[in-house]
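**Q** Letter by letter, the chains look like this.
Protein chains: 2
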Amino acid sequence: MTTYNFSAGPSSLPTEVMTQITQELTKNQATHMSILEISHRTPQFENILDEAKASLKSLLDLPDNYKVMFLSGGGTTQFEMVPMNLATRLKKIAILDSGNFAHKPIGAAEALNVTVDVPGTTRSIKYRELPHLPAQFDDTQYDYVHLVTNNTIEGTTYHQEDIPDVQHLVADMSSNILAEPYDFKKFDLIFAGAQKNLGIAGITLAIVNQDWLDEQDLSHLAPMQKYQTAIDKDSMYNTPPVFAIYVLNLVLKWIEQSGGIAGLYEKNQRKAHKLYDYLDHSSFFDAMVTGKERSLTNVVFTSGDAKRDAQIAQKASQAGFYNLAGHRSVGGFRASLYNAQPEQAVDDLIAYLKNVEMEYLND
Amino acid sequence: MTTYNFSAGPSSLPTEVMTQITQELTKNQATHMSILEISHRTPQFENILDEAKASLKSLLDLPDNYKVMFLSGGGTTQFEMVPMNLATRLKKIAILDSGNFAHKPIGAAEALNVTVDVPGTTRSIKYRELPHLPAQFDDTQYDYVHLVTNNTIEGTTYHQEDIPDVQHLVADMSSNILAEPYDFKKFDLIFAGAQKNLGIAGITLAIVNQDWLDEQDLSHLAPMQKYQTAIDKDSMYNTPPVFAIYVLNLVLKWIEQSGGIAGLYEKNQRKAHKLYDYLDHSSFFDAMVTGKERSLTNVVFTSGDAKRDAQIAQKASQAGFYNLAGHRSVGGFRASLYNAQPEQAVDDLIAYLKNVEMEYLND
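If you're matching them up, the sequences are chains H and A in order. If you're matching positions, the first sequence starts at 8 in our numbering and goes up one per residue. If you're matching positions, the second sequence starts at 8 in our numbering and goes up one per residue.
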């Protein structure tokens, strides 16, 4: 049985990467060790780290003043590290409240005595649309504006044309980094958990504009709380998660071989458009997001009946379509179409949904 | 060629665990997913997490008021989390400065405005012996006493009879947890990076006495800074490092099958005593630590000439004895004999060192 994993993350790895991991997990012929056993203080691992950093700088087309860090504790830890490191001047930030993972950083920053303004929110309509900055927004009143490029749970995205022009922009790109194009230089801080588009759970990417970091007063922070420690110590102030960084590097190589962001974007557009097109023409299923805000990586939809949706998702998993149930706060279905999701998965899912539709409509 | 990895960490995994990982890395027959791809919100992962917690409570013989957490950021992050969470009453702690990894937490706590007293230090003699609390030490003046049970770099250990009786004791057990017996109830907080005795780099174990944590004022902390968040959310407030916890659980099962701490302690004593016995009788090599403070997990020794030591370590790696060079702050050699290190590794190392000795003495 062919099976597909539509999980919002941790998600599938590219088949080529899985094959390579399986081959290399046994002892390496030169080092006589498995990648699981090598020290971070070896030329082998230092190469992996250097390659991963260089690939990211190149794929994201970032200049030398952007510094790449590999951190721990997921995006959730970044909800705290970002204000600690980058809201030291005005101690006031603005967050575009576009979904669950845009809302959480509000409480995190406030717990750290940073004032949070919410210049735009769609919370009252359950985040079915994206909020935007008001025309009269004064960015000089804030250390930075925080936004989530792709809302994993709600299936909405600030695509490149919707990214606001402000002095300092922080982006949580956990669910669409390297899946679609942005002018990454518009952001002064980017972070992303690896477990959606970059590899396995256990490593978080953060990239900061060093010039901006240099303006901050970090004297009140302990070493592990500071971005500067990770930059100065090449992400090895503590023992880094060697295997997770190794997998990340393999995924980056696979992205390069897939034509970089441009190549994957073309494929991701095809995948998402096929599915949205089907949903828009279906008389049984409906996409829950309309218009240009639709996410390419997380497609949410429903048959309009919560109980029936749950039954269908359950039955689909028996047919090999795993993890289609939507997040509990939204319900319905969510098909996550990250970079590693093959186009065939979408074709097969549409065929399956057509059958479901027929069954119910004939009932 | 048979090869051995004597690295101080990341270190070797038990052969049985490596085999099991290799077998299970390909797609599981029931879930049709690799362990690298499963979500943390699955019954499969929840079982792994529950098993790991139960094994630890049982192996360490800890009562129900001790809570097990799986955290990120290594022991180094604990140098900061411990004072943040557990030095909230007097904001004053005492650290037994027994080595490099006992010294680092001093600066970390001070950066967080916690006063640090050092009631005992052997820094001036390069940590060749262990410091102890003075007889008149008044533990009521401190939130807690912090000690490192095993000093990985310097090769010294507070064995169970040397653990002081104080009101609240915090132990960094990164390099000898589950390798020798302690009355673990004497500690109110234990932490350990996994990459020496517990698995791969990327996960840190912390165990806290909930009764003591309940006495703290944690209102100033953000969610990821609080132990209570990890306890309340079962270490899944953020997406946990699924694979690292999976490997940790396999290692714990292997420890149970190896007779638990008692079984491994017997083996670890045999390994270490063989090597120390050889060094004590050698006219060429000398152990750098004497007496009852000797570590079972990290044996440091020297031929008395730094340059020659480096040459010998280099040559040994060509013969399959990897990572024998001592830490740069100590020099000489360090043979790390963690739980997964087979007794044969020690036998073969001694035979090799005897040959080296003969070669040099015949020169």
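Do not take every clue at face value.
Which copy is meant is left open, so a pair is good if it fits within one copy or across any two.
[Stated by the list, open to error] Calculated lysine-lysine pairs in the DSS-like style (CA-CA distance at most 30 Å, straight line):
| hint | residue 1 | residue 2 |
| --- | --- | --- |
| 1 | Lys-111 | Lys-281 |
| 2 | Lys-34 | Lys-361 |
| 3 | Lys-111 | Lys-260 |
| 4 | Lys-281 | Lys-133 |
It is worth saying that the hints were derived from the structure and are not from the lab.
**Q** Would you mind marking each hint as holding or not holding in the structure?
**A** Right, here's what the structure says about each hint:
When the C-alpha separation of Lys-111 and Lys-281 is checked against a cutoff of 30 Å, the pair qualifies neither within a copy, at 32 Å, nor between copies, at 55 Å. For the homomeric pair Lys-34 and Lys-361, the shortest alpha-carbon distance between copies (28 Å) is at most 30 Å, but the shortest distance inside one copy (47 Å) is not. In this assembly of identical chains, the alpha carbons of Lys-111 and Lys-260 never lie at most 30 Å apart, being 32 Å within a copy and 37 Å across copies at closest. For the identical chains of this complex, Lys-281 and Lys-133 are intra-copy neighbours only, at 26 Å inside a copy versus 67 Å across copies, given an alpha-carbon limit of 30 Å.
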